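The residues making up each chain are set out below.
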Amino acid sequence: MRFLHGAVRPLLVYLFLAWCLAPILWLVSTSLKSDVQAFSPTPVWVFTPQWGNYLNAWQEGGMSQAMLISTTVATASSVAGVICGVPLAYLVTQVWPTESKASGRVTLLILLLTTLPPILGLTPMFRTLYAAQLSQTIAGITLIHAFYAVLLAFLIFRSFLVGFPREIREAGLVDGIGEWRILGRCVIPNLVGPMFATLVLALIQSWNEFLYALILTNGATQTVPVRVSGFLSFVGTNWSNLTAAGVIGTLPIVVFALLTRKYMARGLTFGGVK
Amino acid sequence: MLVRRLQRLSLAVPAALLLLPFVLIVTLGGLWIALHGENLLEPGSSQLFVGLENFKHAISDATLRASIKVTVIYVVAAVACETILGVGVALLMWRHFWGKGIVRSLVLIPMVLTPVVAGLTWRLLMDPTAGTANYLLGLLGLGSDHAFLADPSTALAAVILVDVWQNTPYVVIIVLAGLESLPAEPFEAAQLDGATGWKLLRNVTLPLLGPVLSIVVLLRTIDAVKTFALTQTMTKGGPGTSTLAISNYVYRVGFETFDIGYSSALGLVTSIALVVLIFPFARRLMTGGRPGPARGGRR
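If you read the sequences in order, they're chains A and B. Take the first sequence: its letters are residues 1 to 274, numbered as in UniProt numbering. Take the second sequence: its letters are residues 1 to 299, numbered as in UniProt numbering.
Keep in mind the hints are simulated off the structure, nothing from the lab. Here the structure is a predicted model, which means the values were calculated and not measured. One should not assume that every hint holds.
[What the hints assert, rightly or not] On the chain A side, residues computed to face chain B include the following (Cβ under 7 Å):
id, residue
1, 10
2, 13
3, 22
4, 23
5, 25
6, 28
Note that beta-carbon positions come from the ideal geometry of N, C-alpha and C, so glycine has one too.
Please put together the full structure from these sequences, using the hints given.
Given below as structure tokens:
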């Protein structure tokens, strides 16, 4: 591995970074081209930025509406996921010892539900939400995303709680404080960063979800991925508007992801990596 | 004592309220639908009891077999490439180099990018007439009119390539974090014994990294099996069945031909198969099998 000394090692890393970022730079640059330039057989390198593409995508393309809906759905579902998932994670790590049978069973159940592919619920959820008149509504898709947010929030927050000193809860019990108050006043204030990371990862999961959003929303309730895919057209896709919509739709989650970078590895492996 | 016990259990109530109805609907509701011949285009068909007809159909369904094959190839190829490439890059990024912090942040971007947007971006890049991939291949003299996504012999490879592009950073980030949490002593000892380069990598680094690698491969597999957005936006499963992953097929049966009885049966059959195949590994890796993180001390 001698050849990896000196400048070769960073060079290879930067080559990998270029491979990661080139398609994204191409996406951004296409979003600023005219439609003819965007679909030109020889790439156009020099062009005047067409900011109008963004205006088109935002107004006529319906991205303003989709962004509002995705923000609502992702925020509501990830908050619900944290509210439901975090107390359960607290129960199985702090109240019950992590090694206990009950704790292991709950964790396994959540892990099992995470392993199940979403296609399993496709028709029954469609049928049930339709019967409850929640199909094609924001509430319906939020409920589905909240279910997946609970699983994710539980697994991620559990990983941060496993190493949390149990003495804090015991001290709270001695003082006669209830479990919910111990969680809210003594535990969560010490885990603000992980809590934020959990929320953001659930937010990203909901924002990017496509399968359920595709069958459970209509023109008035489309989330960002569904709206962006709607820019494809049989008669000729307007690629400059599509890419502008793509940039608008991904910007918020990229920013959020960079903000929680520190907790990524731990959160994404459910504590498998510290 | 009883009050305290109830108070403890109340911690599980919010989650149970959300999870239990969902689980009941998906299992019992799914089974009920699968036992009926419901087609959304035929009014009244939801009452048509067909027994195990849908499941029998699944056994002799050639398209299902094709989609299982596509999914297996997709998962094995994508996860293998991502792991090998990802571990390689993580090893390169391990020790300090100029700009490490920034590189570490920027490689995250493909990973969190909305899969629909990733799929569409690559669809543009791979377009037969306007795609930059063809332009670049043309410059190298390799022809500039490849219809990567319309050609059954290249479509699956093209979609897998995009999965690899999008998810290798996941492996990099996690393996890098794993490498950085390794103790220094084994390396010092091995170096005292004169181990360097490949020997050090093969006999010390990779074995120590074992647990992290298993988790990465497991979580990537669970995720890749569910693939839908990339295939749906890039090829819709076509041409023919060449990129028709299981999710695309179940979606197609349920919401393009509206045969939701059969779609439900397919969902049940493939889910049970997946759980039987994957869950034992998940169980061993995520709960037992290796010591949990150390107690206390950590904020």
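Each hint, compared with the structure:
no.: 1; hint: 10; in the structure: holds (4 Å)
no.: 2; hint: 13; in the structure: holds (5 Å)
no.: 3; hint: 22; in the structure: violated (9 Å)
no.: 4; hint: 23; in the structure: holds (5 Å)
no.: 5; hint: 25; in the structure: violated (10 Å)
no.: 6; hint: 28; in the structure: violated (10 Å)
When each numbered hint is compared with the structure, violations occur for hints 3, 5 and 6.
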